[in-house]
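Asker: Numbering (full-length UniProt numbering), first residue to last: 1 to 76.
Derived from the structure by calculation, the hints contain no laboratory data.
Positions of the beta carbon are idealized from the N, C-alpha and C atoms, including for glycine.
Mixed in with the good hints there might be a few duds.
Unchecked claim - Restricting the straight-line Cα-Cα distance to at most 16 angstroms, the calculated cross-link-like pairs of lysine to aspartate or glutamate (EDC-like) are:
{"no.": "1", "residue 1": "Lys17", "residue 2": "Asp65"}
{"no.": "2", "residue 1": "Lys55", "residue 2": "Asp12"}
{"no.": "3", "residue 1": "Lys55", "residue 2": "Glu24"}
{"no.": "4", "residue 1": "Lys10", "residue 2": "Glu47"}
{"no.": "5", "residue 1": "Lys4", "residue 2": "Asp70"}
{"no.": "6", "residue 1": "Lys4", "residue 2": "Glu47"}
{"no.": "7", "residue 1": "Lys55", "residue 2": "Asp23"}
{"no.": "8", "residue 1": "Lys42", "residue 2": "Glu28"}
{"no.": "9", "residue 1": "Lys22", "residue 2": "Glu35"}
{"no.": "10", "residue 1": "Lys17", "residue 2": "Glu47"}
{"no.": "11", "residue 1": "Lys10", "residue 2": "Glu20"}
{"no.": "12", "residue 1": "Lys4", "residue 2": "Glu20"}
{"no.": "13", "residue 1": "Lys4", "residue 2": "Glu28"}
{"no.": "14", "residue 1": "Lys10", "residue 2": "Asp65"}
{"no.": "15", "residue 1": "Lys4", "residue 2": "Glu69"}
Claimed, not checked - So the derived label-pair ranges between C-beta atoms look like this:
{"no.": "16", "residue 1": "Ser66", "residue 2": "Glu20", "range": "27 to 35 angstroms"}
{"no.": "17", "residue 1": "Ser14", "residue 2": "Gly58", "range": "25 to 33 angstroms"}
{"no.": "18", "residue 1": "Asp16", "residue 2": "Gly71", "range": "26 to 34 angstroms"}
{"no.": "19", "residue 1": "Glu68", "residue 2": "Glu28", "range": "15 to 23 angstroms"}
{"no.": "20", "residue 1": "Glu28", "residue 2": "Glu69", "range": "13 to 21 angstroms"}
{"no.": "21", "residue 1": "Ser14", "residue 2": "Gly71", "range": "25 to 33 angstroms"}
{"no.": "22", "residue 1": "Thr54", "residue 2": "Ile32", "range": "15 to 23 angstroms"}
{"no.": "23", "residue 1": "Met38", "residue 2": "Asp16", "range": "17 to 25 angstroms"}
{"no.": "24", "residue 1": "Pro39", "residue 2": "Ala2", "range": "25 to 33 angstroms"}
{"no.": "25", "residue 1": "Asp62", "residue 2": "Tyr36", "range": "14 to 22 angstroms"}
{"no.": "26", "residue 1": "Arg19", "residue 2": "Gln60", "range": "27 to 35 angstroms"}
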Amino acid sequence: SAGKFIVIFKNDVSEDKIRETKDEVIAEGGTITNEYNMPGMKGFAGELTPQSLTKFQGLQGDLIDSIEEDGIVTTQ
């Protein structure tokens, strides 16, 4: 996989479109590990294939608000 990412949708994206996008991740061989559905934050965390990651990067600003690598943050 390309790695673990957190994908946040824009606020006006429909539930159907979000469900469809998550189904595509799974169909392409990725996994959904967490889902966010709060006011102001709709999205999911999961392992994306390089194919899914590239596609989502192309949708950024349109459907997707942000894609962040889901890493463990360490402070020194």
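Asker: Confirm or reject each hint.
Answerer: Hints versus structure:
1. Lys17 with Asp65: Satisfied, since the Cα-Cα distance of roughly 14 angstroms is no more than 16 angstroms.
2. Lys55 with Asp12: Roughly 19 angstroms separates the two Cα atoms, so the pair is violated.
3. Lys55 with Glu24: 11 angstroms, holds
4. Lys10 with Glu47: 20 angstroms, violated
5. Lys4 with Asp70: 5 angstroms, holds
6. Lys4 with Glu47: Distance of about 4 angstroms is within 16 angstroms: holds.
7. Lys55 with Asp23: 14 angstroms, holds
8. Lys42 with Glu28: 21 angstroms, violated
9. Lys22 with Glu35: 10 angstroms, holds
10. Lys17 with Glu47: 19 angstroms, violated
11. Lys10 with Glu20: 15 angstroms, holds
12. Lys4 with Glu20: Answer violated: Lys4 to Glu20 is near 19 angstroms, above 16 angstroms.
13. Lys4 with Glu28: Answer holds: Lys4 to Glu28 is near 15 angstroms, not above 16 angstroms.
14. Lys10 with Asp65: Holds. Lys10 to Asp65 sits at ~5 angstroms (cutoff 16 angstroms).
15. Lys4 with Glu69: This hinted pair holds, its Cα atoms lying about 6 angstroms apart.
16. Ser66 with Glu20: 27 to 35 angstroms: 19 angstroms, violated
17. Ser14 with Gly58: 25 to 33 angstroms: The hint (25 to 33 angstroms, Cβ to Cβ) is violated, given that Ser14 and Gly58 are roughly 19 angstroms apart.
18. Asp16 with Gly71: 26 to 34 angstroms: With Cβ atoms ~30 angstroms apart, the hint holds.
19. Glu68 with Glu28: 15 to 23 angstroms: The hint (15 to 23 angstroms, Cβ to Cβ) holds, given that Glu68 and Glu28 are roughly 19 angstroms apart.
20. Glu28 with Glu69: 13 to 21 angstroms: 18 angstroms, holds
21. Ser14 with Gly71: 25 to 33 angstroms: 30 angstroms, holds
22. Thr54 with Ile32: 15 to 23 angstroms: 18 angstroms, holds
23. Met38 with Asp16: 17 to 25 angstroms: 18 angstroms, holds
24. Pro39 with Ala2: 25 to 33 angstroms: 29 angstroms, holds
25. Asp62 with Tyr36: 14 to 22 angstroms: Cβ of Asp62 to Cβ of Tyr36: about 19 angstroms, so the range 14 to 22 angstroms holds.
26. Arg19 with Gln60: 27 to 35 angstroms: Violated, since Arg19 and Gln60 (Cβ atoms, about 19 angstroms apart) do not stay within the stated range.
Of the numbered hints stated above, those contradicted by the structure are hints 2, 4, 8, 10, 12, 16, 17, 26, listed in ascending order.
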